[in-house]
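Line by line, the protein sequences are chains F and A. Numbering of the first sequence is given in the working numbering, commencing with residue 1 and proceeding in unit increments. Numbering of the second sequence is given in the working numbering, commencing with residue 438 and proceeding in unit increments.
Hints are computed from structural coordinates only; laboratory data are not their basis. Keep in mind that a hint or two might mislead.
Unchecked claim - To give a feel for the contact side, a few chain A residues facing chain F, derived at Cβ under 10 Å:
| # | residue |
| --- | --- |
| 1 | L456 |
| 2 | Q567 |
| 3 | Y599 |
| 4 | H616 |
Unchecked claim - Output of the computed footprint for chain F on chain A, the stretches with three or more beta carbons under 8 Å from beta carbons of chain F:
| # | region |
| --- | --- |
| 5 | 535-549 |
| 6 | 552-559 |
| 7 | 574-585 |
| 8 | 657-669 |
The structure displayed is predicted, hence computed values, not measured ones. Note that the Cβ used here is the ideal one computed from N, Cα and C, for glycine as well.
Residue-level listing of the chains:
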Amino acid sequence: MTRTLITNARLVDPASGRDDAGAIAIDGDTIAIVARGDDPRITDFDAMLSIDARGAVVVPGLVDLAARLGEPGSEHAGLLESELAAAVAGGVTSLVCPPDTDPVLDEPGLVTMLKYRARSLHLARLYPLGALTQGLKGEALSEMAELREAGCVGFSHADVAIRDTLVLHRALQYAATFGYTVWLRPNDAWLGNGVAAKGPLATRLGLSGVPVLAETIALATIFELMRDTGARVHLCRLSSAAGVELVRAAKAEGLPLTCDASIHQLHLIDVDIGYFDAAMRLVPPLRQQRDRDAIRAALADGTIDALVSDHTPVMEDAKHLPFAEAEPGATGLELLLGAALKWGQASRLGLARTLAAVTSRPAAVLARSRGAAESAKRGLDEGAPADLCVFAADESWTVDGATLASRSRHTPFARHEMPGRVRCTLVAGELAYEAAR
Amino acid sequence: MFGPRNPQLNGNDELIHLLSIEGLPQATLQHILDTAGTFLSVSERDVKKVPLLRGKSVFNLFFENSTRTRTTFEIAAKRLSADVINLDIARSSTAKGESLLDTIANLSAMHADMFVVRHSESGAPYLIAQHCAPHVHVVNAGDGRHSHPTQGLLDMYTIRHYKQDFTQLTVAIVGDIVHSRVARSDIHALTTLGVPEIRAVGPKTLVPGDLREMGVRVCHDMAEGMRGADVIIMLRLQNERMSGAMLPSAGEYFKTFGLDAAKLALAKADAIVMHPGPINRGVEIDSAVVDGSQSVILPQVTFGIAVRMAVMSIIAGNSP
Numbered sequence: 001m002t003r004t005l006i007t008n009a010r011l012v013d014p015a016s017g018r019d020d021a022g023a024i025a026i027d028g029d030t031i032a033i034v035a036r037g038d039d040p041r042i043t044d045f046d047a048m049l050s051i052d053a054r055g056a057v058v059v060p061g062l063v064d065l066a067a068r069l070g071e072p073g074s075e076h077a078g079l080l081e082s083e084l085a086a087a088v089a090g091g092v093t094s095l096v097c098p099p100d101t102d103p104v105l106d107e108p109g110l111v112t113m114l115k116y117r118a119r120s121l122h123l124a125r126l127y128p129l130g131a132l133t134q135g136l137k138g139e140a141l142s143e144m145a146e147l148r149e150a151g152c153v154g155f156s157h158a159d160v161a162i163r164d165t166l167v168l169h170r171a172l173q174y175a176a177t178f179g180y181t182v183w184l185r186p187n188d189a190w191l192g193n194g195v196a197a198k199g200p201l202a203t204r205l206g207l208s209g210v211p212v213l214a215e216t217i218a219l220a221t222i223f224e225l226m227r228d229t230g231a232r233v234h235l236c237r238l239s240s241a242a243g244v245e246l247v248r249a250a251k252a253e254g255l256p257l258t259c260d261a262s263i264h265q266l267h268l269i270d271v272d273i274g275y276f277d278a279a280m281r282l283v284p285p286l287r288q289q290r291d292r293d294a295i296r297a298a299l300a301d302g303t304i305d306a307l308v309s310d311h312t313p314v315m316e317d318a319k320h321l322p323f324a325e326a327e328p329g330a331t332g333l334e335l336l337l338g339a340a341l342k343w344g345q346a347s348r349l350g351l352a353r354t355l356a357a358v359t360s361r362p363a364a365v366l367a368r369s370r371g372a373a374e375s376a377k378r379g380l381d382e383g384a385p386a387d388l389c390v391f392a393a394d395e396s397w398t399v400d401g402a403t404l405a406s407r408s409r410h411t412p413f414a415r416h417e418m419p420g421r422v423r424c425t426l427v428a429g430e431l432a433y434e435a436a437r
Numbered sequence: 438m439f440g441p442r443n444p445q446l447n448g449n450d451e452l453i454h455l456l457s458i459e460g461l462p463q464a465t466l467q468h469i470l471d472t473a474g475t476f477l478s479v480s481e482r483d484v485k486k487v488p489l490l491r492g493k494s495v496f497n498l499f500f501e502n503s504t505r506t507r508t509t510f511e512i513a514a515k516r517l518s519a520d521v522i523n524l525d526i527a528r529s530s531t532a533k534g535e536s537l538l539d540t541i542a543n544l545s546a547m548h549a550d551m552f553v554v555r556h557s558e559s560g561a562p563y564l565i566a567q568h569c570a571p572h573v574h575v576v577n578a579g580d581g582r583h584s585h586p587t588q589g590l591l592d593m594y595t596i597r598h599y600k601q602d603f604t605q606l607t608v609a610i611v612g613d614i615v616h617s618r619v620a621r622s623d624i625h626a627l628t629t630l631g632v633p634e635i636r637a638v639g640p641k642t643l644v645p646g647d648l649r650e651m652g653v654r655v656c657h658d659m660a661e662g663m664r665g666a667d668v669i670i671m672l673r674l675q676n677e678r679m680s681g682a683m684l685p686s687a688g689e690y691f692k693t694f695g696l697d698a699a700k701l702a703l704a705k706a707d708a709i710v711m712h713p714g715p716i717n718r719g720v721e722i723d724s725a726v727v728d729g730s731q732s733v734i735l736p737q738v739t740f741g742i743a744v745r746m747a748v749m750s751i752i753a754g755n756s757p
């Protein structure tokens with residue numbers, strides 16, 4: 001049992017709005033004391049490890065609701081070890097992975113194995129989503145109760161649209177029976193086939209376009225099914241201004257709904273595709289400026305609950321193809337904090353509100369999906385799990401795929417300047433990452 | 438924010454690849470057309486050759502079959518005295534699983550000087566231009582729905598030949614515009630050359646309203662599209678679009694948007710009729726119009742050789 005003391009820190013706890021100087025004492029895997037540095041409980045704390053956080057911010061560890069890890073099935077692109085190391089290098093202490101692995105996460109044994117492998121690495125905490133239907137084929141329901149017992153925090157269809165509305169209806173009914181949360185990316189199976197957002201850019205480049213309708217029709221369907229079944233849904237990767245409006249109205253109506261958007265939709269638009277830059281081949285496709293503006297505003301006002309990295313390891317060669325044939329996805333775990341800070345600075349939100357989008361708010365989505373007790377200690381509360389990120393807010397760095405811990409180097413943010421440099425990350429009280437000095 | 442620089446131009450804004458007409462200055466287009474004019478006479482001589490590309494190797498890389506376009510490039514390169522190597526890649530290496538860039542690396546090692554590329558995916562020639570050796574030039578011979586710049590240029594040559602001035606014209610492009618790389622190249626070229634009215638004519642499934650973003654007037658009525666036009670460019674209707682969710686039947690298409698003498702009569706009396714070929718007689722255009730006095734479809738083919746000679750000789754003369 002390690003006893004750790006973090007001193008001279010700026011403590012930011014987005015859940016409570018706390019933003020002041022202080023120290024944190026960690027006993028084993030929990031936060032024991034949060035107090036001023038001269039508090040006798042701190043000065044008398046007998047620490048085995050001391051971290052001087054002078055000039056740095058201490059926040060609850062980041063929670064990423066969408067990160068693929070390469071395993072099982074895409075080990076050439078990413079390994080559990082490399083991608084979880086990327087997570088802690090980015091200050092991410094908990095992450096949710098979608099079930100579109102190979103084989104698909106529709107077998108309890110597979111989930112148990114994945115969780116066991118992740119745990120034994122002592123890096124970030126891994127929360128898998130189970131497949132909503134067997135093999136993600138959209139036909140037969142998976143064994144949700146069994147998968148839940150094995151550790152799935154919810155059920156998802158990843159990026160595979162369910163064509164058959166009857167199956168989706170049944171899946172929501174069944175999930176609602178047990179109070180499970182269903183994680184869905186709103187995308188119509190037929191209209192959603194394309195490699196870029198429909199619009200002037202796709203028209204000029206001759207790329208097949210996905211209309212906004214693909215998102216809004218799927219949302220309308222999901223909301224109707226929620227009204228009928230009472231199922232709780234988390235919407236993944238919202239991409240359009242019209243979609244944001246529908247979500248805002250559905251939340252106002254009181255539907256049990258949360259949603260996220262990715263760092264790509266927060267910062268990039270279709271024009272960034274330039275001359276067929278395959279790094280910009282992403283799912284969902286990048287939309288127009290007004291969509292990006294709406295997503296930025298909705299993340300600030302809470303309509304969008306969480307910002308996610310949508311981390312997807314892609315092997316080196318898989319992007320060296322014509323745009324439409326290139327594999328979609330990008331590395332992102334190490335960019336989540338910087339992307340959030342960049343948005344927060346531009347939107348003048350202040351650090352606590354900015355970081356809420358990657359800490360307390362996704363943590364709340366995850367807790368609800370896990371069915372965790374409302375009374376559980378969170379954030380920088382005494383008694384909360386000691387999952388912490390220590391970062392220098394006023395240092396910046398330039399993104400270079402080759403220097404990332406992730407095995408996958410493709411990112412549309414290459415050469416972008418990112419604010420905030422992670423100094424160290426603690427998971428369950430243990431030092432999981434420490435930046436080279 | 439400034440985007441990446443146009444990859445088909447060198448530091449002096451000279452053309453080193455021809456990938457798309459979009460973004461090329463008007464002077465560059467005019468220069469190509471002027472140069473093509475000087476090559477037209479070469480094809481009429483007894484000895485149809487000039488030595489501009491002597492000792493150079495031009496590789497025709499057709500990842501998608503097209504005998505006609507490949508042949509015109511082959512003739513153009515040979516008339517410039519280049520050595521021409523035709524690779525029907527659709528049926529060779531990539532079918533064995535070799536990646537596009539491995540194929541390019543191998544051919545570069547054979548000391549290619551120029552790649553003429555046809556590919557079914559939009560943007561493929563950009564990828565090749567990005568990854569081939571710096572002295573190698575790339576000509577896009579058609580990529581997906583994106584661009585077919587030499588076809589666009591030969592269409593401009595044809596229009597200039599018959600109409601001289603671009604700045605007073607009404608040009609109607611009729612047919613499957615949404616899937617057409619020819620239409621995109623024509624629209625960019627016509628816009629750059631100052632044509633005041635470009636009409637995109639066809640049903641909403643083939644001519645969606647957002648084509649307006651490219652600077653064209655969208656017409657869903659054939660009569661409206663034809664009225665007063667100086668130039669009519671008919672597009673080929675691909676077989677796979679003749680029936681299905683895009684169009685109910687070839688017959689209904691001909692009736693509504695096919696060009697026959699009655700519809701042509703709505704255009705100006707001296708209007709010219711163009712078509713990139715191959716033609717579906719009786720689908721998008723009536724035989725009588727193809728063979729009629731206003732058709733310039735065969736001259737287009739002749740001009741196409743001269744335009745391709747011009748493009749190849751110009752880019753080969755510019756260094757990266």
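Now for the hints, and whether the structure bears them out:
| no. | hint | result |
| --- | --- | --- |
| 1 | L456 | 8 Å, holds |
| 2 | Q567 | 9 Å, holds |
| 3 | Y599 | 28 Å, violated |
| 4 | H616 | 8 Å, holds |
| 5 | 535-549 | holds (count 3) |
| 6 | 552-559 | holds (count 3) |
| 7 | 574-585 | holds (count 5) |
| 8 | 657-669 | violated (count 0) |
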